[in-house]
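Asker: For reference, the chains in residue letters:
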Amino acid sequence: MGFFTDTSVCIGCKACEVACKEWNQLEGNPPKFTADSFDNTGQLDAQNWRHVQFIEQVPDNNGVVMTPTPIAGGQAWLMMSDVCKHCKNASCMEVCPTNALMRTEFDTVYLQKDVCNGCRNCISACPYGVIGFNEQQGVAQKCTLCYDRLQGGLQPACAKACPTESIKFGYIDDLHKVADDRLANLQRQGYAKAQLYGRDDTVYGGLNAFFLLMDKPEVYKLPNAANATLPTRNNLPGYVGGVATAVVGLIAGLLAFRNGRMNANNNSTNAH
Amino acid sequence: MPGAEHFAAPPEWQWWILGYFFFGGISGGSYALGTLLRLAGDARDRSASQVAYIVSFIALLPCPIFLVADLGQPIRFFHMLIDTSPGGGLAFKPDSPMSLGSWALLFFGLFSFVSFLGALGERGTVGALGPIARAIQGLPATLWAVVGTVFGLFICGYTGVLLAVSNQPVWSDAGWVLGGMFLASALSGAAALLLLFARSRRHVEADTTDRLQTADRYFIILEAILIALFLVSVAIAGTITKVLGVWIVLWIVVLLGLAAPFLAGRARAWPPVAAPLLALLGVLALRALVIFSAQT
Numbered sequence: 256m257g258f259f260t261d262t263s264v265c266i267g268c269k270a271c272e273v274a275c276k277e278w279n280q281l282e283g284n285p286p287k288f289t290a291d292s293f294d295n296t297g298q299l300d301a302q303n304w305r306h307v308q309f310i311e312q313v314p315d316n317n318g319v320v321m322t323p324t325p326i327a328g329g330q331a332w333l334m335m336s337d338v339c340k341h342c343k344n345a346s347c348m349e350v351c352p353t354n355a356l357m358r359t360e361f362d363t364v365y366l367q368k369d370v371c372n373g374c375r376n377c378i379s380a381c382p383y384g385v386i387g388f389n390e391q392q393g394v395a396q397k398c399t400l401c402y403d404r405l406q407g408g409l410q411p412a413c414a415k416a417c418p419t420e421s422i423k424f425g426y427i428d429d430l431h432k433v434a435d436d437r438l439a440n441l442q443r444q445g446y447a448k449a450q451l452y453g454r455d456d457t458v459y460g461g462l463n464a465f466f467l468l469m470d471k472p473e474v475y476k477l478p479n480a481a482n483a484t485l486p487t488r489n490n491l492p493g494y495v496g497g498v499a500t501a502v503v504g505l506i507a508g509l510l511a512f513r514n515g516r517m518n519a520n521n522n523s524t525n526a527h
Numbered sequence: 055m056p057g058a059e060h061f062a063a064p065p066e067w068q069w070w071i072l073g074y075f076f077f078g079g080i081s082g083g084s085y086a087l088g089t090l091l092r093l094a095g096d097a098r099d100r101s102a103s104q105v106a107y108i109v110s111f112i113a114l115l116p117c118p119i120f121l122v123a124d125l126g127q128p129i130r131f132f133h134m135l136i137d138t139s140p141g142g143g144l145a146f147k148p149d150s151p152m153s154l155g156s157w158a159l160l161f162f163g164l165f166s167f168v169s170f171l172g173a174l175g176e177r178g179t180v181g182a183l184g185p186i187a188r189a190i191q192g193l194p195a196t197l198w199a200v201v202g203t204v205f206g207l208f209i210c211g212y213t214g215v216l217l218a219v220s221n222q223p224v225w226s227d228a229g230w231v232l233g234g235m236f237l238a239s240a241l242s243g244a245a246a247l248l249l250l251f252a253r254s255r256r257h258v259e260a261d262t263t264d265r266l267q268t269a270d271r272y273f274i275i276l277e278a279i280l281i282a283l284f285l286v287s288v289a290i291a292g293t294i295t296k297v298l299g300v301w302i303v304l305w306i307v308v309l310l311g312l313a314a315p316f317l318a319g320r321a322r323a324w325p326p327v328a329a330p331l332l333a334l335l336g337v338l339a340l341r342a343l344v345i346f347s348a349q350t
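Residue numbers (this note's numbering), protein chains in the order written: chain A, 256 to 527; chain B, 55 to 350.
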């Protein structure tokens, strides 16, 4: 099961944010002025499991009227309801030392609050900045894809609340078909930059929460396929580098201690 | 070549982790030096080796305290070793450096503790420990020290791998070099600390001190090479600006720490403890700038 978030029809109403907080009893962070368009939550974190991004790309035309206007089609003001991607190859699961992060029967990634000890290793690993640390509870938190609702046969709160059906929930194979059709439709209309993100396995083996984007992934703070790398890629080179250094260091130490001892012995022999 | 893109949130690893990285490195490095002195030296190096094992255990003591204090749920520290999720068992994940490090710290603690008792027994500091010291001599003692050294060196270096196995800027960009850099830095820091003790205690022989100085210089050269490789790695990834700026202050301390053991020989006016102290400060500064710069 998963999400397909079609950003081309997101209107930035934040109903998903509110529904998520209501259902999951998230208090939310104290309000603040982010000076970032209509964004007042800032990022995904322990209190924001859905976050609506507002990306302003209003071009400076210097008074020249452009036809068609770039504002048409939502290309000047991009909005996206961001969420945990429930990656098929999840960085957070790789590094979690306590097995607090687990794969559910719905193929989603779930963080067990009673197992997490708040080491925050998952936060350092998540390439999307999804996971946050709850200071009050001392544990990491993130979207559960409404695991409790799924168990009760309900769809996640955000998908239920989305008025434009930008957030669609269902079986991944079904969502792939919907996404493919929508992309083809947009491309027929001339939206050359429209693309699917996480639909195939080029990004973390495929995302169970994937997106239709109206611009490059980087614009939405999503790493492109070249940069979507797993933390464990550094395991082998890291340990090999460490072992090589240890060997060189040990040899250097042995040389220093042995040479010095031999010199000392020679000196004492000469003195006699 | 396009630079790496990072959108990860910082884990907010701060002072506790810096303290652990520093003391863990000193502990593992001291243990390794203690073993090297036993393997390559002779009876005259025995005293310095004992000091190294004692320093190793004392430096290790605050490490679990720092690590537990850094947890959001300190009382669940044992979740690092025991899997409390459905299914249970041991929480051992070879892909997770934090998991491996937790186990390594447990085992290294055992090796360091026994070697500490042995060293105290050999020195006659605690008379009751004499039998322990006599029991762990010869081949068993050598084997014990060698295996303990493997764990000690792992403690020195895995912290760098732990940072690298992430999606953080700087850390993941220098994935292959961080472990080695921390290990070399730990060895030079341990040598500096032993020199500090050697110069304030008469029972470490003068020629042992000279050899420690030589070893320290070798370790510093190794560390300097790895620091250069680290900077090249982050420059290629396009994240070098993160370790510059205000962090230049810490780089100056790192450079002073690297240069001090070489300069001290020429500057006769320096107090004997100045160079080791600067070297230790450099070890601390290197870890501080790697930990903090990536998270800002």
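Keep in mind the hints are simulated off the structure, nothing from the lab. Each residue gets a CB set at the ideal place from its N, CA and C atoms; glycine is no exception. There could be a bad hint or two in this list.
[Claimed, not checked] Stretches of chain A that chain B covers, calculated by requiring three or more beta carbons in the stretch to come under 8 angstroms of a beta carbon on chain B: (1) 261-271; (2) 353-361.
[Stated by the list, open to error] DEER-style ranges, computed between Cβ atoms: (3) A:T457 x B:L193: 22 to 30 angstroms; (4) B:A123 x A:V433: 22 to 30 angstroms; (5) B:A323 x A:K368: 56 to 64 angstroms; (6) A:Q444 x B:I129: 56 to 64 angstroms; (7) A:K368 x B:L331: 38 to 46 angstroms; (8) B:L317 x A:L491: 34 to 42 angstroms; (9) A:N344 x B:I112: 27 to 35 angstroms; (10) A:Q406 x B:L115: 21 to 29 angstroms; (11) B:T196 x A:Q406: 57 to 65 angstroms; (12) B:L115 x A:I506: 27 to 35 angstroms; (13) A:T457 x B:L115: 28 to 36 angstroms; (14) A:E282 x B:G143: 29 to 37 angstroms.
Asker: Against each hint, give a clear statement of whether it holds in the structure.
Answerer: Now the hints, each set against the structure:
no.	hint	verdict
1	261-271	violated (count 0)
2	353-361	holds (count 4)
3	A:T457 x B:L193: 22 to 30 angstroms	violated, 55 angstroms
4	B:A123 x A:V433: 22 to 30 angstroms	violated, 49 angstroms
5	B:A323 x A:K368: 56 to 64 angstroms	holds, 60 angstroms
6	A:Q444 x B:I129: 56 to 64 angstroms	holds, 57 angstroms
7	A:K368 x B:L331: 38 to 46 angstroms	holds, 45 angstroms
8	B:L317 x A:L491: 34 to 42 angstroms	holds, 38 angstroms
9	A:N344 x B:I112: 27 to 35 angstroms	violated, 43 angstroms
10	A:Q406 x B:L115: 21 to 29 angstroms	violated, 46 angstroms
11	B:T196 x A:Q406: 57 to 65 angstroms	holds, 58 angstroms
12	B:L115 x A:I506: 27 to 35 angstroms	holds, 30 angstroms
13	A:T457 x B:L115: 28 to 36 angstroms	violated, 48 angstroms
14	A:E282 x B:G143: 29 to 37 angstroms	holds, 35 angstroms
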